Amino acid sequence: MYSKEVMDHFMNPRNVGEMPDADGVGVEGNPVCGDVMKLFIKVKDDRIVDAKFMTFGCGAAIAVSSMITEMVKGKTLDEALQISKEKVAEALGGLPPQKMHCSNLGADALRKAIEDYKNRQKKN
Amino acid sequence: MECYFDHVATNPLRPEVLEAMMPYLKEEFGNPLSVYPLGVRAREAVEKAREQVASLVNARPSEIVFTSSGAEANNFALRGIAMARQYEGKHIIVTRMEHHSVLNPARFLEKLGFAVTYVNPDRQGLISPDDIKKAITDETILISVIYASPEVGTIEPIKEIAQIARERGITFHTDAVAAVGNIPVDVEDLGVDLLSMAAHQFYGPKGAGALYIRQGTRIIPLIFGGIQEGGRRAGTENVPAIVGMGRAAELAKEELPQRVEHVRGLRDKLVEGVMNKIEAIHYTGHPDRRLPGHASFCVEYIEGEAMLLMLASKGIYAASGSACTSKALKASPVLLSMGIPAHIAHGSIVFSFGMDNTMEQIEYTLEEFPQVVRRLRELSPFAKGWEGVEEEGRCTPKK
Ligand code: FES
Chain A
1 MYSKEVMDHF
11 MNPRNVGEMP
21 DADGVGVEGN
31 PVCGDVMKLF
41 IKVKDDRIVD
51 AKFMTFGCGA
61 AIAVSSMITE
71 MVKGKTLDEA
81 LQISKEKVAE
91 ALGGLPPQKM
101 HCSNLGADAL
111 RKAIEDYKNR
121 QKKN
Chain B
125 MECYFDHVAT
135 NPLRPEVLEA
145 MMPYLKEEFG
155 NPLSVYPLGV
165 RAREAVEKAR
175 EQVASLVNAR
185 PSEIVFTSSG
195 AEANNFALRG
205 IAMARQYEGK
215 HIIVTRMEHH
225 SVLNPARFLE
235 KLGFAVTYVN
245 PDRQGLISPD
255 DIKKAITDET
265 ILISVIYASP
275 EVGTIEPIKE
285 IAQIARERGI
295 TFHTDAVAAV
305 GNIPVDVEDL
315 GVDLLSMAAH
325 QFYGPKGAGA
335 LYIRQGTRII
345 PLIFGGIQEG
355 GRRAGTENVP
365 AIVGMGRAAE
375 LAKEELPQRV
385 EHVRGLRDKL
395 VEGVMNKIEA
405 IHYTGHPDRR
415 LPGHASFCVE
425 YIEGEAMLLM
435 LASKGIYAAS
445 GSACTSKALK
455 ASPVLLSMGI
465 PAHIAHGSIV
475 FSFGMDNTME
485 QIEYTLEEFP
495 QVVRRLRELS
505 PFAKGWEGVE
515 EEGRCTPKK
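These protein sequence lines are chains A and B, in that order. Quick note on our numbering: the first sequence kicks off at 1 and runs consecutively. Quick note on our numbering: the second sequence kicks off at 125 and runs consecutively.
Please keep in mind that the hints were generated in silico from the structure rather than gathered at the bench. Computed from a prediction, not measured in an experiment: that's the story for all the values here. Treat the hints loosely; a few may be bogus.
[As the list claims (entries may be wrong)] In silico BS3-like links for lysine-lysine, alpha-carbon gap of 25 Å or less:
id	chain 1	residue 1	chain 2	residue 2
1	A	Lys112	B	Lys508
2	A	Lys85	B	Lys451
3	B	Lys508	A	Lys85
[Claimed, not checked] Now the stretches of chain B that chain A is said to cover, found in silico as 3 or more residues with beta-carbon under 8 Å:
id	stretch
4	440 to 452
5	465 to 478
6	495 to 506
We put the beta carbon where it would ideally sit given N, CA and C, even for glycine.
Please put together the full structure from these sequences, using the hints given.
Structural data, given as structure tokens:
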């Protein structure tokens, strides 16, 4: 039921792990099925230079997390905010309809991580 | 290595069964209602199958009605009895352990004005006969309790509940789809009025099921039409499938003790190994009162569909009741009704064994499964505990 890309990112997820010195962290729980994604970003001159994730969820949720960490690397914060759930799903060669919400999880966690970074900046 | 561990989903067709079916897919194509020899032979084949199926559950052949599936048998039982007894009362009792093919007819009957009580199991999936007794009203006409759960393996106290129903003059049905052919089932000893079964659960073909209807039980057909099945189920008989079900029943009866022993040996080995090798794992269902070839777990901190996918990449095929595996994206109502919190139910995984499985496959799985769990836990934000989700994730079953 999953595309080759989804299976690849699920079986060999990129950028897994905690990031103790992250500049922004976004945690998003999935109200639909109860899954949770944690996304970490490292930012330099308004550009995301590194990203990592931890995910408790289905195959699609893990593949989405892996893909989104790949997609954000090297992007400016504004560019990263343009990443929609559709774009992540598209990059993964499509998701089954009932799995589109897993893609949401990734996009929302990213938005929260960027927000978190901006809030921290304000404080400093 | 390929390991098919999803025998509660379906079973492979036994070669002997296929062989018995073949003539009826080819030259013996007659309609059992026809009077010439081709039809007569088809009729005789169907009647022989009826005897074989009856013998497996210790019923009379005249008490067996063939259906297209276990689901049809369940629908027939619930709707057929509700229609037949609606003027005596409009209350039905089922449990939260039931299959959709019992729950959905029950919900349909609610829409028609029946009242339905859903009895909760305990933490091990057992239904208490006392709780059934308490749910009975003067209006109760039907009680339906699943014989054995395909999700957690628990075997219910059917005999005790059937006794309670009988004392109160209430019709009693059991969905024995996961049980028949896998453990001994005897309708006389149990004292049930109706019992559903499906051929593909015991190495017969898909598309064949049966409902046992105790002599003297009044029931309204689900399908009206011709006089097939004594007027209780219209439609030209699916002769090859029925013949296959008969042969499969005959084999099951002969081999039952060996089958039970074989799958129990595999199951016990898997459970012991898994419980030793994996931390934070729960054996779900009842530890002893359960299907012999059934092992179900909840693995904490990871999700069932991800486990299934990764196991499948190793050739291991299992099942899960997690929210992400279900079309509705809801955790298995059976697990939740047992009081398992939603975040734990998320890690549901079910292995069910059959005659085609071997000890080598179990050993292989005991190597691979812990690695799958380890790899997924490396990805999990909760690998060190349920920090932060404890409250949100918890689910309180409906009382
Ligand atoms: S995260 Fe639950 S369905 Fe994908």
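Status of each hint after checking the structure:
With a CA separation close to 23 Å, the supplied pair lysine 112 (chain A) and lysine 508 (chain B) stays within the 25 Å bound. For a cut-off of 25 Å, the pair hint linking lysine 85 (chain A) to lysine 451 (chain B) stands: about 20 Å separates their Cα positions. The straight-line distance between the Cα atoms of lysine 508 (chain B) and lysine 85 (chain A) is roughly 29 Å, outside the 25 Å bound, and the hint therefore fails. Coverage of a stretch by a chain is defined here by at least three residues with a beta carbon nearer than 8 Å to that chain's beta carbons; for the stretch 440 to 452 of chain B and chain A the count is 5, and the condition holds.
Requiring three or more residues with a Cβ within less than 8 Å of a Cβ of chain A, the coverage given for the stretch 465 to 478 of chain B holds, as 3 such residues are present. Figure legend: the stretch 495 to 506 of chain B, annotated as covered by chain A; annotation consistent (5 residues with Cβ-Cβ distances under 8 Å, at least 3 required).
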